[in-house]
Amino acid sequence: MNKKVRVRFAPSPTGGLHLGGVRTVLYNYLFARKHGGDFVLRIEDTDQSRFVPGAEEYIFECLRWCGLEPDESPLKEGNYGPYRQSERKHIYRKYAEQLVQQGHAYYAFDTPEELEQMRNTHKTEQNPSPQYDHRLRSRMRNSLTLDTDTVKKLLDQNTPHVIRIKMPVNETVSFTDMIRGEVSFETGLVDDKVLLKADGMPTYHLAVVVDDYLMKITHAFRGEEWLPSAPVHILLWKYLFGTEAMPQWAHLPLILGPNGKLSKRDGAKYGFPVFAMNWTDPKTKELTEGFKEKGFLPEAFINLLALLGWNDGTEKEIFSKEELIERFSMERVHSAGAKFDYEKAKWFNHEWLKISSAGNLINSVKKFLSSNGVHVNDEALLEKAIGLVKDRCTLLSDFVMQAGFFFKTPGQLDVEAVKPKWNNDKKDFFEAYSGKLHEAGSWTAAELEKIFKELAIEKGIKPGELQLPLRIMLVGAKYGPPVFEIGELLGPTETINRIKQGLSVFNF
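Per the numbering used here, the very first residue in the sequence shown carries number 67; after that it's consecutive.
Careful: at least some of the hints might be erroneous.
Stated by the list, open to error - Restraint ranges, calculated between C-beta atoms of paired labels, are given here:
1. 213 / 185: 51 to 57 Å
2. 453 / 508: 16 to 22 Å
3. 545 / 392: 36 to 42 Å
4. 160 / 254: 27 to 33 Å
5. 508 / 351: 36 to 42 Å
6. 528 / 438: 35 to 41 Å
7. 310 / 133: 49 to 55 Å
8. 525 / 570: 19 to 25 Å
9. 493 / 133: 53 to 59 Å
10. 429 / 117: 51 to 57 Å
I should point out that these hints are in silico values taken from the structure, not numbers from a laboratory. Yeah, the Cβ is synthetic: ideal placement off N, Cα and C, and Gly gets one too.
Start from the sequences and build out the full structure, keeping to the hints where you can.
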């Protein structure tokens, strides 16, 4: 690659950041890092009617959590700003006017009522949604049908108008997609898209081409839903800047849910997140849960996203970000849609919890414990507890159950699990055991188990019959790591107190 690689992610601030959007970010980021290039975040806020307050800040926060922060953005200005399209409004009109002067675009003065009338008049069974195209533009009120004086007069009077591209008839437009190979379109099947709106703001079609050119973007990766727009963009590149300046394109495959393209509705229906982080709709106040709040590690999240449409040609599934940068190539991205499997996503997180050091998990686990009413004052104990239970956890939220009892004495004990086989012999055993623990030479799991088994033999009770009551006393329920390791971490005072509390509760 001769030119410095420059890629961009260009979201619209209209809501939560969907899985597909984060994967687009990830592939751009990996490609830029692999080739020593720049990753640009550009906010495409040209459609002010769809602008949602807080959405832009949310995008920044999502990328920060994922560890995919851009080199240039509205928060980190580079040499090609501004990085919000609404702040670049003054740039676009001259390019739209240039297209008009070249005969590749035209002014259209049609009112909303006239456009609606056109759609109603020309609607047929074969064409239920007539478009403003080469067949109908000759019947509309635009600079192709009006004389020059009338057009000038309308413009001088600031008559509301848009600028539309004049799609050629009977031409084939082709380009090489890095994923799909040669892709061709017949121009006669594409309508005359609006390039500049009546308020002077560009549409996506004009803005994306102009901005990619001015920002020296070398590679443009976007979802396959933009593939039908490719002929418009190719022609705009050809007319304005020449196709040799055009970036290489790759249209990424869809992420599929149980019934087609993955949607927010799928998440609500099947109980899994589809956004990177929690998103609350400012109008409806509807909360959509995110992967972060569900309890996913960012490392696991980007790992699972990378493999939704790509692999390195091996059976390997667990990749660090550094390994992904080293191995990623756009040529190994599949063209077919990738099906999202939430159980597999949780498997990735479980694997990442297992390989992560307990120390690196402290802050994340502490936040989940705190939000569930478990407050940690001893981080050294938390690190040991994490090390003891992390292999049993799938999500960070699992630590609340698996480790919360180390910091908060159980409010209730599962007495029903103990009651059927509880008797005075067992009561006597635990009274004696708590006494012997005062005399323990060393407070280790091995020593606690040794005292336990020796006393059980002395009392003529099978040790296996006594471990469940001990677990219920210490944990409150029938889960957790090896019971004597729990006792070791709880320490002498807390362990003995919990046994005594259990005895008072088990007083059937």
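*Is 36 to 42 Å a correct range for the gap between the Cβ atoms of residue 545 and residue 392?*
Between residue 545 and residue 392, where Cβ atoms are some 40 Å apart, the hint holds.
*With 27 to 33 Å as the target window, see if residue 160 and residue 254 comply at their CB atoms.*
Distance hint for residue 160, residue 254 holds at roughly 29 Å.
*51 to 57 Å as the expected CB spacing between residue 185 and residue 213, which holds or is violated*: violated (26 Å)
*Whether the CB-CB distance between residue 525 and residue 570 falls inside 19 to 25 Å*: holds (20 Å)
*Could you see if the CB distance from residue 429 to residue 117 stays within 51 to 57 Å?*
violated (34 Å)
*Does the Cβ-Cβ separation between residue 528 and residue 438 fall within 35 to 41 Å?*
holds (36 Å)
*Regarding residue 310 and residue 133, is the given constraint of 49 to 55 Å on their beta-carbon distance met?*
Violated, at about 35 Å.
*Could one say that the CB atoms of residue 508 and residue 351 fall in the range 36 to 42 Å?*
violated (56 Å)
*Distance restraint evaluation - residue 453, residue 508, Cβ atoms, bounds 16 to 22 Å*: holds (20 Å)
*At the C-beta level, are residue 493 and residue 133 separated by a distance inside 53 to 59 Å?*
holds (54 Å)
Comparing the model with each earlier hint shows violations of hints 1, 5, 7, 10; every other hint is respected.
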